[in-house]
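Novice: Residue numbers (the numbering used here), protein chains in the order written: chain Z, 1 to 547; chain W, 1 to 166.
Simulated from the structure, these hints should not be mistaken for lab results.
Take the hints with a grain of salt, since some may be wrong.
Some chain W residues well away from chain Z (every beta-carbon gap over 12 Å; in silico) [claimed, not checked]:
hint, residue
1, K7
2, P11
3, F45
4, R54
5, V114
6, E117
7, T118
8, K161
DSS-like mimics (lysine-lysine), calculated; alpha carbons at most 27 Å apart, straight line [claimed, not checked]:
hint, chain 1, residue 1, chain 2, residue 2
9, W, K18, Z, K247
10, Z, K392, W, K150
11, W, K80, W, K161
12, Z, K299, W, K80
13, W, K7, Z, K299
14, W, K162, W, K150
15, W, K18, Z, K299
All residues carry an ideal CB built from backbone N, CA and C; glycine is no exception.
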Amino acid sequence: MTPEELDQIAETEREAQSQFTQRVNVCVAAGCLSCQSQSVKDALDQEVTRRGTKDHCQVKGVGCMGLCSEGPLVSTSAGVLYKKVEAGDGAAILDSLDGAPVARLVCPTDVPFFQRQMKIVLENSGVIDPERVEDYIASNGYTALIKALTEMTSREVIEQVTKSGLRGRGGAGYPTGLKWSTVSKAVGTQKYVICNADEGDPGAFMDRSVLEGDPHRVLEGMLIGAYAVGASEGYIYVRAEYPLAIKRLRNAIRQAERLGLLGSNICGTRFSFRVDLRLGAGAFVCGEETALIASVEGKRGMPRPRPPYPAMEGLFGQPTLINNVETFANVAPIIRNGGEWYAGIGTEKSKGTKVFALAGRVENTGLVEVPMGISLREMVFEIGGGIPEGRKFKAVQTGGPSGGCLPSECLDMPVDYESLARAGSIMGSGGMIVMDESSCMVDVAKYFMDFCMTESCGKCIPCRVGTYQMHRILSAIGNMTATQQDMKLLEELCDLLRHTSLCGLGQSAPNPVVSTLRSFAEEYRAHIEDHKCPAGICGAQPAGETA
Amino acid sequence: MPSYLAKPTPPNQDKRWKLVDATIRRQGQQQRGLIETLHTVQEAFGYLDVQALRYVAMSLRVPLSRAYGVATFYHFFTLKPAGEHTCVICMGTACYIKGAPQLLDAVQRDLGIVPGETTPDKKVSLLTARCLGSCGLAPAVVYDQEVAGKVATSAIREHLKKWTHA
Numbered sequence: 001m002t003p004e005e006l007d008q009i010a011e012t013e014r015e016a017q018s019q020f021t022q023r024v025n026v027c028v029a030a031g032c033l034s035c036q037s038q039s040v041k042d043a044l045d046q047e048v049t050r051r052g053t054k055d056h057c058q059v060k061g062v063g064c065m066g067l068c069s070e071g072p073l074v075s076t077s078a079g080v081l082y083k084k085v086e087a088g089d090g091a092a093i094l095d096s097l098d099g100a101p102v103a104r105l106v107c108p109t110d111v112p113f114f115q116r117q118m119k120i121v122l123e124n125s126g127v128i129d130p131e132r133v134e135d136y137i138a139s140n141g142y143t144a145l146i147k148a149l150t151e152m153t154s155r156e157v158i159e160q161v162t163k164s165g166l167r168g169r170g171g172a173g174y175p176t177g178l179k180w181s182t183v184s185k186a187v188g189t190q191k192y193v194i195c196n197a198d199e200g201d202p203g204a205f206m207d208r209s210v211l212e213g214d215p216h217r218v219l220e221g222m223l224i225g226a227y228a229v230g231a232s233e234g235y236i237y238v239r240a241e242y243p244l245a246i247k248r249l250r251n252a253i254r255q256a257e258r259l260g261l262l263g264s265n266i267c268g269t270r271f272s273f274r275v276d277l278r279l280g281a282g283a284f285v286c287g288e289e290t291a292l293i294a295s296v297e298g299k300r301g302m303p304r305p306r307p308p309y310p311a312m313e314g315l316f317g318q319p320t321l322i323n324n325v326e327t328f329a330n331v332a333p334i335i336r337n338g339g340e341w342y343a344g345i346g347t348e349k350s351k352g353t354k355v356f357a358l359a360g361r362v363e364n365t366g367l368v369e370v371p372m373g374i375s376l377r378e379m380v381f382e383i384g385g386g387i388p389e390g391r392k393f394k395a396v397q398t399g400g401p402s403g404g405c406l407p408s409e410c411l412d413m414p415v416d417y418e419s420l421a422r423a424g425s426i427m428g429s430g431g432m433i434v435m436d437e438s439s440c441m442v443d444v445a446k447y448f449m450d451f452c453m454t455e456s457c458g459k460c461i462p463c464r465v466g467t468y469q470m471h472r473i474l475s476a477i478g479n480m481t482a483t484q485q486d487m488k489l490l491e492e493l494c495d496l497l498r499h500t501s502l503c504g505l506g507q508s509a510p511n512p513v514v515s516t517l518r519s520f521a522e523e524y525r526a527h528i529e530d531h532k533c534p535a536g537i538c539g540a541q542p543a544g545e546t547a
Numbered sequence: 001m002p003s004y005l006a007k008p009t010p011p012n013q014d015k016r017w018k019l020v021d022a023t024i025r026r027q028g029q030q031q032r033g034l035i036e037t038l039h040t041v042q043e044a045f046g047y048l049d050v051q052a053l054r055y056v057a058m059s060l061r062v063p064l065s066r067a068y069g070v071a072t073f074y075h076f077f078t079l080k081p082a083g084e085h086t087c088v089i090c091m092g093t094a095c096y097i098k099g100a101p102q103l104l105d106a107v108q109r110d111l112g113i114v115p116g117e118t119t120p121d122k123k124v125s126l127l128t129a130r131c132l133g134s135c136g137l138a139p140a141v142v143y144d145q146e147v148a149g150k151v152a153t154s155a156i157r158e159h160l161k162k163w164t165h166a
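The task is simple: from the sequences and hints, build the whole structure.
Specialist: Structure, rendered in structure tokens:
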């Protein structure tokens, strides 16, 4: 594959696409698929064939368009977005391509949910067919790789990434440029690149959407990373629970190999890189990098003390670069447009955009990409559209089991790594769950503690025993049998786990408890002293029916 | 060649062992292929029994204890055969605050089993998931392979009734 050949593919594809005067994009990401979007696409395909307009009307399956709660979503070349489309609506939508839109299905796009977004990672998601590499190439795909390989040295690549200020999107926010330069300087006979796609946080589905909507983007980021650090082998560690993402990744790898974008002597240079998939098997702790490495090696996913960091001694004892899906997905645009362009977005210390999975008690649930530094209020009330049924906002939970609950006082805080940490939560991988007054914060804390207790790998005692004890106390509070003594012990345990656990799982396990204790102490008090649950969740299990 | 170095023979004539052997070969018979091989076994047979674990362990030359350790460490692997149908209730955060516990409660009462168990007539297995990533559609349930979103208690009861009375 030479730059000219890539241009040729892009040109041919663009020409082929310009033959189509009408276009209908159907979301075939997991969210919409579970609302039967496949049957919508099949119906549209059949209708187009029946009408004999196949040569100028294209029906395409695309990645996530964001507003998952209104799925299945369909967008057309007339610039209209349709929501809750059913298979029977196919004919009406095709008719509307040259006329007035189908009013009953129209989803307005001039609302903050769409207008406030800024798409870098998700720019191709919902636009290109994730199963065709040609479509990706026609949208400037793999040009960043070619640019890096033919015009830049590995040092220049790292320089641009450093300049961009990109930080790890897996949650901890470690500067990506610094990590790359450490791995590139490390000495080893063989270096590896691992893409962490073990998205285990409950309430987070950003990585899955990126993998399902634009898998080549992740491969391109890995390739550029491998070139920068001098690696020749890579693994994508993806959850077995994401069968569609796995299927599309396998397909993408095969296509890239066929085009010579993966394999030996890529683009006629001395750079060679191979990628293989490794399926996770449902262990939250495997999101921790040393545990993930153990799992790729075919062992139990148990973390080990650091240092040595994986950058020095990682997979099979060799220097290893581990980045999250979203981090890799940011790389190609940075190389294409330069690090300074990226650094112009976001806040002083948190650059660029972040993809959030907005869920819970909020009007618009789905996937949004916003510049760093946007306020929580904008996230929840403008983009999210506020709380349904006129209920009152109570808290927003970020960072999953390692994060915390932010109360209404924090609503005007900017969303960036530092501010969230100061408020007692973390950015995490980007799950954002909104809660209203119907949620009991003690119950939420118990839920996360139950999660950490079950997911604790059992290697270090503070985490293994501490999470169990904390869960027991939280259960007692929930059953209204706890005493002040228990509260004191709970606080001590928070401190103990934080400082003595081996890995991030145990160290951050107290976060949900600490943050709710800080902002919702009144609720804990009501449980203990008044034996009452203000939200009516705890105590005698109410057999509430869901709507 | 000593017998313990010879390639073990599959436990029976089942053709699915060929798939397992193919995975082992693709991993270069290396120990690092353990998890991948177990994935193949589970995909082919539905679960991992002791006989399968012993075969995989011998083929990759890892101690049976390590194969068993890995199989029990990861939630995705199951050592028991599943029922005719499986019902997975998502217990992710979004689903949790949108009523997944009530769904689980109702199903547990109806079927008389807890998550991880199968009804005595082997009709339905009940499982919970950490997060399906369908948070926009919370609460979500997977009936066999099909994901259903915004599930109400009445809907899940209805669905299970179809299975149990079929």
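Novice: The structure should be examined with respect to each hint, and the outcome stated for every one.
Specialist: Hints versus structure:
{"no.": "1", "hint": "K7", "verdict": "holds (19 Å)"}
{"no.": "2", "hint": "P11", "verdict": "holds (22 Å)"}
{"no.": "3", "hint": "F45", "verdict": "holds (16 Å)"}
{"no.": "4", "hint": "R54", "verdict": "holds (17 Å)"}
{"no.": "5", "hint": "V114", "verdict": "holds (14 Å)"}
{"no.": "6", "hint": "E117", "verdict": "holds (17 Å)"}
{"no.": "7", "hint": "T118", "verdict": "holds (19 Å)"}
{"no.": "8", "hint": "K161", "verdict": "holds (17 Å)"}
{"no.": "9", "hint": "K18/W with K247/Z", "verdict": "holds (22 Å)"}
{"no.": "10", "hint": "K392/Z with K150/W", "verdict": "holds (21 Å)"}
{"no.": "11", "hint": "K80/W with K161/W", "verdict": "holds (23 Å)"}
{"no.": "12", "hint": "K299/Z with K80/W", "verdict": "holds (21 Å)"}
{"no.": "13", "hint": "K7/W with K299/Z", "verdict": "holds (22 Å)"}
{"no.": "14", "hint": "K162/W with K150/W", "verdict": "holds (19 Å)"}
{"no.": "15", "hint": "K18/W with K299/Z", "verdict": "holds (24 Å)"}
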